[in-house]
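Chemist: Using the sequences and the accompanying hints, generate a full structural model.
Protein sequence lines, in the order shown, are assigned to chains D and U. Residue numbers for the first sequence follow this note's numbering, beginning at 1 and rising by one. Residue numbers for the second sequence follow this note's numbering, beginning at 1 and rising by one.
Please note: incorrect hints may appear among the correct ones.
[Said to hold, decoys possible] Calculated pairs, BS3-like style, for lysine-lysine (alpha carbon to alpha carbon, straight line, at most 27 Å): (1) U:K132 with D:K132; (2) U:K134 with D:K132; (3) D:K134 with U:K134; (4) D:K14 with D:K210; (5) D:K121 with D:K205.
[Stated by the list, open to error] Looking from chain D toward chain U, a few residues come up when the C-beta cut is under 8 Å (computed): (6) P7; (7) G8; (8) P42; (9) V43; (10) E46; (11) Q47; (12) T52; (13) S54; (14) T56; (15) I94; (16) N141; (17) L148; (18) S224; (19) F305.
Hints in this document: simulated from the structure, not taken from any laboratory. All figures in this text were calculated on a predicted structure; none of them were measured in a lab. Think of the CB as a built atom: it goes at the ideal place given N, C-alpha and C, for glycine as much as any other residue.
2 protein chains.
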Amino acid sequence: MQETVLPGHGSGGKLMNQLIRDVIKETLDSGGLQLDDSAILPVEGEQIVFTTDSYTITPIFFPGGNIGDLAINGTVNDLAVMGAIPRYLSCGLILEEGLPLDDLKRVLQSMRAAADRAGVKIVTGDTKVVEKGKGDKMFINTSGIGVLTQPLQRRDIQTGDKIIVNGTLGDHGIAVMAERNGLSFTEGLATDCAPLNLLIQPLIKAFPGKIRFIRDATRGGAASVLNEIVDGRRFSVRLIEEDIPVKDEVLGVCEILGIEPMYAANEGKIVIVVDPSVAADMVARMKELPFGQDAAVIGEVTGEFEGVVFMQTPVGGRRMLPLLTEDQLPRIC
Amino acid sequence: MQETVLPGHGSGGKLMNQLIRDVIKETLDSGGLQLDDSAILPVEGEQIVFTTDSYTITPIFFPGGNIGDLAINGTVNDLAVMGAIPRYLSCGLILEEGLPLDDLKRVLQSMRAAADRAGVKIVTGDTKVVEKGKGDKMFINTSGIGVLTQPLQRRDIQTGDKIIVNGTLGDHGIAVMAERNGLSFTEGLATDCAPLNLLIQPLIKAFPGKIRFIRDATRGGAASVLNEIVDGRRFSVRLIEEDIPVKDEVLGVCEILGIEPMYAANEGKIVIVVDPSVAADMVARMKELPFGQDAAVIGEVTGEFEGVVFMQTPVGGRRMLPLLTEDQLPRIC
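Modeler: This is the structure we're talking about:
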């Protein structure tokens with residue numbers, strides 16, 4: 001019989017200890033996990049960055065990844081875009097009774113591999129079990145601590161700054177939507193889930209003081225990040241449609257499902273706002289770094305309007321990209 | 001019509017921004033919440049303590065408290081028992097579609113009040129929404145960061161040490177079980193949920209080097225903590241039954257439900273293992289401090305056996321208190 005998560009696995013008794021020792025620690029730990037309720041950690045530096053994210057994506061397995069590597073990379077990226085070096089992660093599991101233990105192990109293995117790749121340690125954790133029908137297979141919270149190297153602030157953005165992305169937009173959201181809609185046979189669709197600290201820290205070092213702001217374009221996509229950038233400011237963002245990298249396969253599914261790729265979620269893409277004097281050099285450098293091969297300048301900060309994001313089309317038209325009331329893609333992360 | 005959580009509240013668009021700004025920030029923030037995805041924080045000291053807990057308690061409102069103050073105090077206590085001063089908390093919400101916004105507000109108000117009382121700041125957060133039937137009203141993850149003042153280590157425990165608790169055992173678990181079983185009319189039943197840093201830090205200062213180990217007796221109760229203490233060691237713990245403080249109301253419900261109070265969850269109780277030379281003084285000091293009024297020495301570490309916890313009864317008998325395979329009290333925190 002297939003082993004599954006049982007109510008007793010969350011009870012504080014022997015069964016829970018077994019699950020934690022034989023499955024979770026065994027699978028997840030690459031040397032940093034402290035089995036006390038808390039972890040004691042050294043910190044170098046005077047300022048830390050602290051972040052939290054709960055992952056409720058459905059399905060938990062999707063083309064190119066699963067909820068586990070998503071939970072690691074998502075939180076690593078939240079730290080990295082602040083200008084921090086990610087150091088420590090926590091792992092809070094909410095497991096639904098009946099979840100196959102093999103699925104749990106696969107997810108934990110992905111978490112461990114993703115943490116190793118990103119250079120972070122999972123140091124503390126917690127496991128809860130809910131009855132069937134009171135959860136959805138598994139939810140994961142990862143909170144993270146990083147050491148600040150270079151504060152990046154939205155208020156430093158100014159007119160003339162260039163907008164760069166590190167690659168094709170919408171891959172994650174469209175891969176998950178394709179899976180949900182039975183379109184996953186489409187070749188070339190996969191999440192872009194990646195640890196962007198491996199890209200961001202070298203850029204911060206190579207272009208000191210030239211990066212104004214970085215944000216990961218997750219829920220709500222690049223358009224939502226850009227709206228955050230112009231919100232309440234006396235400038236706007238102009239995007240050049242033909243410069244925006246989007247995979248043909250993603251565009252195809254977007255057309256079938258009626259989704260605009262600028263609003264589709266990414267898990268390995270950042271929007272960088274940069275001093276225009278270094279924009280071309282930065283794109284060239286990004287192409288040599290991990291997860292930057294398809295980097296491109298996609299637009300700029302302009303004084304033409306205030307507080308809006310718009311797309312310049314090849315035929316000279318303009319299309320607004322407002323913040324949507326709600327996203328088309330629920331539970332995408 | 002009653003306002004409830006909608007799917008769009010978790011989507012990354014305007015609706016989510018409204019929920020975060022008008023409900024979550026408005027209710028939760030007492031000045032420390034950073035609305036970026038992450039918080040930048042100063043740290044004093046070279047070692048931090050990091051912990052995480054997800055709260056899935058049902059029902060979310062119970063006698064004397066709710067999931068909100070539980071989520072704050074539980075994580076504050078996890079830091080405090082390590083010998084740390086709790087500083088910063090995160091708040092990760094997983095909301096089920098249909099949750100009344102008034103319930104959400106009540107919970108967030110409790111979180112804020114509990115954080116203020118404990119002297120910690122909620123600095124960062126995340127909100128996800130799941131469809132009806134894929135969650136259970138709300139789950140909360142709080143992760144926490146504290147600054148280490150005095151490391152306390154299980155390995156420092158030795159034969160002869162005294163076991164102290166700060167008050168009556170089983171209050172939280174029995175209050176919640178009574179509520180679930182329609183016994184909540186019973187007078188005097190209420191969670192003991194409390195911020196124990198207000199008790200622990202003064203004790204650490206008053207008795208430097210004399211406290212071996214502290215642990216909060218949550219899921220699995222005091223018996224599970226004591227089993228953790230003797231696990232793999234060459235000593236045992238002898239408890240004196242008549243010295244263990246338990247409220248009459250709690251004993252009454254325990255008899256009806258067939259629960260042993262030593263295994264019932266607490267949310268404001270700690271087990272302290274202490275140098276025997278200061279045990280009486282420490283109990284006297286605890287009675288003057290917050291949450292220590294009913295403190296008592298309940299037993300000691302003894303070389304009579306190895307790796308077990310047992311209860312000495314008034315008539316001279318002995319009863320083993322093993323680690324249970326699973327707890328009788330699912331989703332108690």
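Chemist: Does each hint hold? Answer for all of them.
Modeler: Hint check results:
1. With a C-alpha separation of about 13 Å, the suggested pairing of K132 (chain U) with K132 (chain D) holds against the 27 Å cut-off.
2. Pair hint K134 (chain U) plus K132 (chain D) holds up; C-alpha atoms about 9 Å apart against a cutoff of 27 Å.
3. With a C-alpha separation of about 6 Å, the suggested pairing of K134 (chain D) with K134 (chain U) holds against the 27 Å cut-off.
4. Taking the CA atoms of K14 (chain D) and K210 (chain D), the gap is about 55 Å. The hint is violated against a cut of 27 Å.
5. The straight-line distance between the Cα atoms of K121 (chain D) and K205 (chain D) is roughly 23 Å, inside the 27 Å bound, and the hint therefore holds.
6. At about 5 Å, the closest approach between the beta carbon of P7 (chain D) and any beta carbon in chain U falls short of 8 Å, and the interface hint on this residue holds.
7. At about 3 Å, the closest approach between the beta carbon of G8 (chain D) and any beta carbon in chain U falls short of 8 Å, and the interface hint on this residue holds.
8. Among the interface hints, the one on P42 (chain D) holds; its C-beta lies about 6 Å from the nearest C-beta in chain U, closer than the 8 Å criterion.
9. The interface hint given for V43 (chain D) is met, as the beta carbon of that residue sits about 5 Å from the closest beta carbon of chain U, less than 8 Å.
10. With 8 Å as the threshold, the beta carbon of E46 (chain D) comes within range of chain U, its nearest partner Cβ sitting at about 6 Å, so the hint holds.
11. Annotation: Q47 (chain D) was flagged as interfacial toward chain U, and the flag holds, the nearest CB pair being 6 Å apart, inside 8 Å.
12. Interface restraint check for T52 (chain D): the shortest CB-CB distance to chain U comes to about 4 Å, inside 8 Å, so the restraint holds.
13. For S54 (chain D), the suggested interface contact is upheld, since its CB lies about 4 Å from the closest CB of chain U, less than 8 Å.
14. Checking T56 (chain D) against chain U: minimum C-beta separation of about 5 Å stays under 8 Å; hint holds.
15. The criterion of a C-beta within 8 Å of any C-beta in chain U is met by I94 (chain D), whose closest approach is roughly 5 Å, and the hint holds.
16. A distance limit of 8 Å between C-beta atoms decides the matter here; for N141 (chain D) the minimum to chain U is near 4 Å, and the interface restraint holds.
17. Look at L148 (chain D): its Cβ gets to within about 6 Å of chain U, closer than 8 Å, so that hint holds up.
18. For S224 (chain D), the interface hint holds, since its Cβ comes within 8 Å of a Cβ in chain U; the closest pair sits about 6 Å apart.
19. A distance limit of 8 Å between C-beta atoms decides the matter here; for F305 (chain D) the minimum to chain U is near 19 Å, and the interface restraint is violated.
In the structure shown, a violation is registered for the earlier hints numbered 4 and 19, in ascending order.
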